[in-house]
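Number of protein chains: 2
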Amino acid sequence: MSELKGACIIGQSGGPTSVINTSVLGAIETALDCPSITRVLGAAHGIRGVLDDQLLDIDKEDREELKLLRYTPSSALGSCRYKLADPDVDDTDYKRILEIFKKYDVRYFFYNGGNDSMDTCNKISKFMMKSGYDCRVMGIPKTIDNDLFGTDHCPGYASASKYIATSCMEIYQDARVYDTGMVCVVEIMGRHAGWLTAAAGLATAQGAGPDLIYLPETDFDMDKFMADVKKVYAEKGNCLVAVSEGIHYADGTFVSEAKTSATDGFGHAQLGGLAAMLADKIKSELGVKVRGIELSLLQRCAAHCASKTDVDESYMSGKAAVENAVAGKTDYMPGFKCTRDENGYKCEIELLPLSQVANTEKKVPREWINAEGNGVTQAFIDYAMPLIAGDNVGPKENGLPRFAKLKKIKAEA
Amino acid sequence: MSELKGACIIGQSGGPTSVINTSVLGAIETALDCPSITRVLGAAHGIRGVLDDQLLDIDKEDREELKLLRYTPSSALGSCRYKLADPDVDDTDYKRILEIFKKYDVRYFFYNGGNDSMDTCNKISKFMMKSGYDCRVMGIPKTIDNDLFGTDHCPGYASASKYIATSCMEIYQDARVYDTGMVCVVEIMGRHAGWLTAAAGLATAQGAGPDLIYLPETDFDMDKFMADVKKVYAEKGNCLVAVSEGIHYADGTFVSEAKTSATDGFGHAQLGGLAAMLADKIKSELGVKVRGIELSLLQRCAAHCASKTDVDESYMSGKAAVENAVAGKTDYMPGFKCTRDENGYKCEIELLPLSQVANTEKKVPREWINAEGNGVTQAFIDYAMPLIAGDNVGPKENGLPRFAKLKKIKAEA
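As they're listed, the protein sequences go chains F and Y. Residue numbering for the first sequence follows my numbering, beginning at 126 and increasing consecutively. Residue numbering for the second sequence follows my numbering, beginning at 126 and increasing consecutively.
Hints were generated in silico from the structure; no laboratory data involved. Fair warning: there could be bad hints in the mix.
The list treats identical chains as interchangeable, and a pair is accepted whether it falls inside one copy or across any two copies.
Unchecked claim - Each computed SDA-like pair below joins lysine to any residue, with the alpha-carbon atoms no more than 20 Å apart: (1) Lys532 x Gly332; (2) Lys433 x Val518; (3) Lys521 x Ala330; (4) Lys454 x Ile162; (5) Lys433 x Lys521.
With the rest of the complex left out, here is chain F:
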C-alpha cells in the first residue's frame, strides 16, 4: 500500500462518555506525530461540522492542554445526532462532505461514536470508495451502552459501569440506614441492551448492591416484579432494585412509555421517570417507604470515577484507528478481542469491517441473566470485573477537576 498524504478529520458523534475524549486524544496525538498526516482537523459537532464547514485547527492547540482530554468527560469537539440519508435516495450530504474533503485535502476520516455513528461512518466510507476519492475512513468505537457488534466491549462502557457499581454500593449503604425499611429503585440507561444495568450486579458481587436487577433482554412482568420486591423486603427489611430504562412488557411496550412521548433526533423514544413511577407503585401497593433515583447524565459523564482500564483502552483504540489507516487500512473500526483466564485479563485490537458493526445491536446473552430474570450470573461478573480495574486520577484545581480548555480555532482551507 502506497503512502497517502493529506489532512485528517476527527469527529465525535452521539451521546458522550467519560472517555470519548481519550479516544480522540489517542487519535490526535498519533496523527500529530505522523508524517503522512499533513494537518489535523476536528469536526465541530461531528458530521454537522463537516457539512457546515466548521472545522477546528487541532495543530494550533497546546499539546499539554490536549493531554487533559484524558480526564475531561463529554465530547470536547462537540457532538451531534444527525442521521445521514440513504445515499441511493438522497446523496446531497455526501456530495457536500466530498466537497469539504477536497477543499481541505482530507485523506483520513476518523469518526468516534456508537451504533448510529458507525452507520454514518460506514455510509461515508462506501460513498468515498464509489466516488473514487482516495480517503481512508475508520470508525473509533464509543458507547456506554456497550452494544456494538463484534467487539468484546466498547470504550466508555467500563467507566459508566464503574460509576454505576460504585454509586449502587454507596446507595446500598445509605438506603438501609434507618430502623424503618425502604425500597429504593435505581434507573439506569440502556434502551435495548442491559449492559449498564447489569453492571449494578458488580456491586452485588461485592456484597453491597441491588437485590433485584431487571434488563430489557427479558420481558418485564409487573406482577412478578411486585412479588419479587415484596419477597426481598419481607426477608431483609429493605430492597434495592436496579432497572434499565428500556424494560418493556412482552408486547414490546416500554414500562416507562406513559411518562413521555418526546423523541431524540434519531426517532428513539426519550425514556425517563421510570424509577419514580415504579417507586410510587411499590409505595401504593406495599405501603413501604420508597425512593426512586435516576442516574441520568451522571452515569455517562462522571469522569472522576472513570476506569483506568477503560481510559487506557480508549486511547489505544483511537491510536489504532490512525495507525492502521496510515498503514493502508480503510473501512474498519478497531474493536477489542479479550482473553480472561488464569493469566488474567488481556485486551488486543482487532479490526472489524464497518458494515459489520453498523446498526447491529449486541445484547446481554440470556445465559448471563439468571433464570428468574431478576439478576445477573457469575459469567457476567467475570466478563465485566476486569474492565473496571484502576482509577484514572487527573489533576485538580481548587479541589475540583481541571478539564481541558481547547482554543477551538476555526480552520481555514
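Based on the hints, put chain Y in the right spot on chain F.
Then chain Y, alone, in the frame of chain F:
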C-alpha cells in the same frame, strides 16, 4: 474535675453523610484508647437502639476493619428519625434511657447528627443533669445541610459540596455537547438552607458550572425564573440551572409542593421531582430541549468523591467530643472555628453549648447571594473553596470501594 469511669455509648441519627462514619471512628478510636472509658458501645439505629436495648459491642470489632469507616459512607451503626417528646409532657423515653445507662454503667453519651439530633442530645443531657445521674453528654455534628448554628461549617457538608460541584462540572460538559442547545435543571438537597445548592457555584467559579442558582434563602418567582433561563439560553445556546429542593414562593409554598404530600418521621414535607417539573415547564414555555436531574441520595453518600479536608475534620470532631468529655466537659458540641486569610485556611475546635445549637438553623447570608437572587457571590466561594480540598482515597477491591464490614455483636450488660 474528677475522673469519671464507665462505659460510653456512641450513636448516629438523622440522614447519613459520606463522612459521618469518620466522626464515629474518631470517637471510637479515642474511646477505645482511653483508660476512663471502660467499654465502647454503639447504639443500633441511634436513640432507638438505646430505647430498645440494642447496643453493639464495639470492643469486639477488629481495629483494622474499623479504620475502613473512614471510606465508608452512610451511618455504619444505623440511624433513626425518632423525635423525643418534651420531657415536661412525657418523660417515658428519658426514664428508659436512664435505665439503660444504669444497666450498662454508661457515663459518656456521644450523639452524632444534625439539628434534630442535637435537640435529642440536648434533651438527654438536661434530663441526666436533672436526674443527678453523672453522665457526660456530647453532640458530634454532622449534616450535609450545613445548617447547624454557631459552627463555621458542619462535617459532611464539604464532601457533599465536592460531589455536587464535581458533578455539576461534568454535567456542564455533557449538557452542551450537541449542536442543538439544551436547558438542564439540577435539583439539590436543602429544605430551608441553600448551602448545598450554593456549592454548585464552586463549579461555576471553575468556569464550568450552573449559569443560574436558586436558593431557598430568597423567594422564588416563576416569571423571573423563566425570564432568567430564556435570557441565558438566548445568549449561550445552553443553560445549566441549579435549584434547591426547598425553593419556595413568597407565601412560603414550596415550588415542588404539588408533587408529593409525603412526610418524613419529623413531620417535614418530603420534597422531590422539582427538577423534572421545572424542566417540563421550560420545555412547554420555551420549546427547547430539557433535562431534569435530581442528585438525590447520591450527594450525601458519594464517599468516592469525599473531601480529604472534610474527612480529617470529621475525625477531629469525633475525637474532640471524647477527649473533652473525658476531661470533664459535658453538654457541648465541638464546632469549628475557622480562619481564611493570606496564611491559608485553618480550622480549630470550639465547644458550643448544646442548647445553643439545637434546633437553630443557619442559613446562607443574603449578602453571599447575588442581587438578582440567581447566583452566589465571591464571598461564598472564598468560604467554601478550602473545605473541598483534597481527595480521600480508600482501598479498592475488584475496582470498587472496600467498605467496612462490622460484626455488630449485640452487647450484654
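In rising order, the numbers of the hints this structure does not comply with
none
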